[in-house]
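Chemist: Protein chains in written order, with the working numbering: chain A, 1 to 234; chain B, 1 to 225.
You may find that some hints are simply not true.
Unchecked claim - Here are the in silico distance ranges between beta carbons for each label pair:
| # | chain 1 | residue 1 | chain 2 | residue 2 | range |
| --- | --- | --- | --- | --- | --- |
| 1 | A | A12 | B | T179 | 48 to 58 Å |
| 2 | A | F144 | B | L40 | 25 to 35 Å |
| 3 | A | V82 | B | G67 | 11 to 21 Å |
| 4 | B | V224 | A | K53 | 49 to 59 Å |
To be verified - Quick look at which bits of chain A chain B covers, simulated, 3 or more residues with Cβ under 8 Å:
| # | region |
| --- | --- |
| 5 | 55-63 |
| 6 | 66-73 |
| 7 | 110-123 |
| 8 | 148-155 |
| 9 | 166-179 |
I should point out that these hints are in silico values taken from the structure, not numbers from a laboratory. Treat the numbers as computed from the prediction; the structure is a model and nothing was measured. By construction, the Cβ of each residue, glycine as well, lies at the ideal position given by its N, Cα and C atoms.
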Amino acid sequence: MEDEKRNGAVAALIENTREMQEAVAPMQAEYEQKLRRREARDLDESKMFRRFKIKDIVFLAIVTACTLVTSAIMPLLIHVPVFGIIQLGLGLQFSVFPVIGLMKVRKAGSMTIMGIFIALFLVMMFPPMALIAVCAAVVELVVFVIFRSYKSDWACVLAGTLYMPLTVPLLYLYYNVNYTVTGDENEAVSMFLGATEPWVIAGMTAAIVALCFAGSVIGMVVSRELKKAGVLKK
Amino acid sequence: MKFFKFKTRLYPLVAIAASLFVIIFGLAYARGRYTGIYLLGVLVWLCPFGCLRGVLRMLPAFVVFGGAFAGIAYASAGGDVSAAISMLNRFGALFLGVALSMSVSAVRMTRSLSQARAPRAVTLGMLISMSFVPMLKGEISRVREAMRTRGAGSLLNPKILYRAFLVPLVMRLVNISDTLALSVETRGFTLGGGLYSIYEKEYPAISDVLFLVGIAAGAALTVVL
Chain A
1 MEDEKRNGAV AALIENTREM QEAVAPMQAE YEQKLRRREA RDLDESKMFR RFKIKDIVFL
61 AIVTACTLVT SAIMPLLIHV PVFGIIQLGL GLQFSVFPVI GLMKVRKAGS MTIMGIFIAL
121 FLVMMFPPMA LIAVCAAVVE LVVFVIFRSY KSDWACVLAG TLYMPLTVPL LYLYYNVNYT
181 VTGDENEAVS MFLGATEPWV IAGMTAAIVA LCFAGSVIGM VVSRELKKAG VLKK
Chain B
1 MKFFKFKTRL YPLVAIAASL FVIIFGLAYA RGRYTGIYLL GVLVWLCPFG CLRGVLRMLP
61 AFVVFGGAFA GIAYASAGGD VSAAISMLNR FGALFLGVAL SMSVSAVRMT RSLSQARAPR
121 AVTLGMLISM SFVPMLKGEI SRVREAMRTR GAGSLLNPKI LYRAFLVPLV MRLVNISDTL
181 ALSVETRGFT LGGGLYSIYE KEYPAISDVL FLVGIAAGAA LTVVL
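Isolated chain A, as found in the complex:
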């Protein structure tokens, strides 16, 4: 009698488990299909939004460290109140290495991630420059509006070319506030050299853009060479 009761309870338990499995099965299948879709998307290089892997983050972090190490001149330049001098001194490093990073990790968000890594260091050294992370995000938007993805090498070059020049307006505002003094007659005098001369502004901006473009092209050439040699694997 007791055995029959126990068997009945076990059978009910098994039945219940089966019912639950049947109820969960479509959800599980849907989840597995979602995972498969996500994996296929990650493998498809024509897609703009793909998940980052550890190796992508590691490479972007190393490229950032390289950018920072080669920009050791920055502490000296930040106290020189000449329009665009920081960008002119750092333009090459801030275009060669980010382009190499983008040529290897061609995923949406790569530039912003590099910008965030650099900003996390700069916030401790020269806080106004930490807004470079915002510039990186803006650059990424511009590139995606024009090229839709980093598939083309020239998309990477465009990102590298615009990255540093976009900090010009930000630092212009900061230096204008910092280096303007008001005398007895309430007349403001700016010690920010070249900031009031349209020709100097235009000339310096053109020089910065040209330098960053040259740096970006160098980054692209180095990456292409390494890709041809089989070093820069995806």
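Following the hints, put chain B in place on chain A, whose structure we already have.
Modeler: Same frame as chain A, now just chain B:
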């Protein structure tokens, strides 16, 4: 009860927030009557909270740059002392802010960000960039050593810079990155929402609150007076 402890090191996020506040306040109120006194107060206030080293490191730079630009401001404003003082205030605010943020080590900053549930990609990247800097310096010197051994010539020559320096350096970077990524993965790092341990956690203490209250009260007094 960790909170009720007086720590001589500031909580990293508090230090960064205070640094930004001092810079912005210093720039906005550079012409205030009591801003100089406030900044001097901040300078003294920083010392018991573990920023003495940073302050001492920034002081010579402040004297040189601040002094030079205060002199130029004095001359360009027609001998107006207040113009020179406002310039000194701006430089003072910037250097105090930098001294404050310099007191935070990158490792502690990474730990705090991890505790604050910052994306794993950000903390991992910060950790790698930070630990990679000395290694990178070594790599650069090794590439230059190889250049000297081969008699490759000067780095000032663009062709040599490209062929003998840039290409080998980037090649090393890629190889190191691959090895490091493998190593990080085998140690169980993931970018997803997986659980992870932080062995030495950072907690804000009552000293951080006291520090912030001091900074804010000083600023309030500067505005009100």
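Chemist: Now look at each hint and say whether the structure bears it out.
Modeler: Verification of the hints:
no., hint, result
1, A:A12 / B:T179: 48 to 58 Å, "holds (57 Å)"
2, A:F144 / B:L40: 25 to 35 Å, "violated (49 Å)"
3, A:V82 / B:G67: 11 to 21 Å, "holds (19 Å)"
4, B:V224 / A:K53: 49 to 59 Å, "holds (54 Å)"
5, 55-63, "holds (count 8)"
6, 66-73, "holds (count 3)"
7, 110-123, "holds (count 6)"
8, 148-155, "violated (count 0)"
9, 166-179, "holds (count 3)"
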